[in-house]
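> Sequence:
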Amino acid sequence: MPKNRRDFNRPYGKLPYRKLFVIATEGAKTEPQYFDIFRTLKREQVTISMLEGKNKSDPENVLKRMKAYLKAERLKPSDEAWLVVDKDQWRDDQIGKLHEWTKQQKNYGLALSNPKFEYWLLLHFADGDIRSGQNIEKLLDSHLPNYSHTKAVDPLKFKLENIEEAISRAEKRDAPPCEDWPRHPNRTTVYKLVSNILESR
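Numbering (this note's numbering), first residue to last: 1 to 201.
These aren't lab readings, by the way, just hints derived from the structure by calculation.
Below 16 Å or equal to it, Euclidean Cα-Cα: the simulated EDC-like pairs (lysine to aspartate or glutamate) are:
| no. | residue 1 | residue 2 |
| --- | --- | --- |
| 1 | K192 | D174 |
| 2 | K172 | D127 |
| 3 | K172 | D129 |
| 4 | K159 | D36 |
| 5 | K97 | D180 |
| 6 | K192 | E171 |
These numbers come from a predicted model, not from an experiment.
Let the hints inform the model, and build the full structure from the sequences given.
Structure (structure tokens):
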């Protein structure tokens, strides 16, 4: 069951509506822990419901989790549903199915990091110009000591100014903006999702 679903039993008109972001992730640890940051940062404006990967992290199962959620829970037009995946070893036809799904509704999105989500994390601290053969985790370790995708992400390391820097760096690299997903390494469109969360009122 998704975490932190909105409380529909609260008295009508007592509290302002909080925009819902439903996020289905490939990873079971790092991505959910990262997006937990916004549950605190934007707690008065948004609700974030995470659909974690656990043992089924391939693109097909990420999409299945999202479809199952949306079948059970209706989104308001102002809410958003996002798939967060890595390019990693997945084939273009696998990623393409996720992109095709996003065309069904304006409030559906695909946030892909090439090669992986750790690249998005690195952009919080560095410009992300990674040369072929460099290890992203080792580069990230200088900013997040002892980082591991199996350990908790320290939310204190991701201050608002770091997040805004990551958005700026990712946006500059996504030029011109890709229409589907980043085909080349050192690119990520997670900034689009994070920008939407921060801009929610």
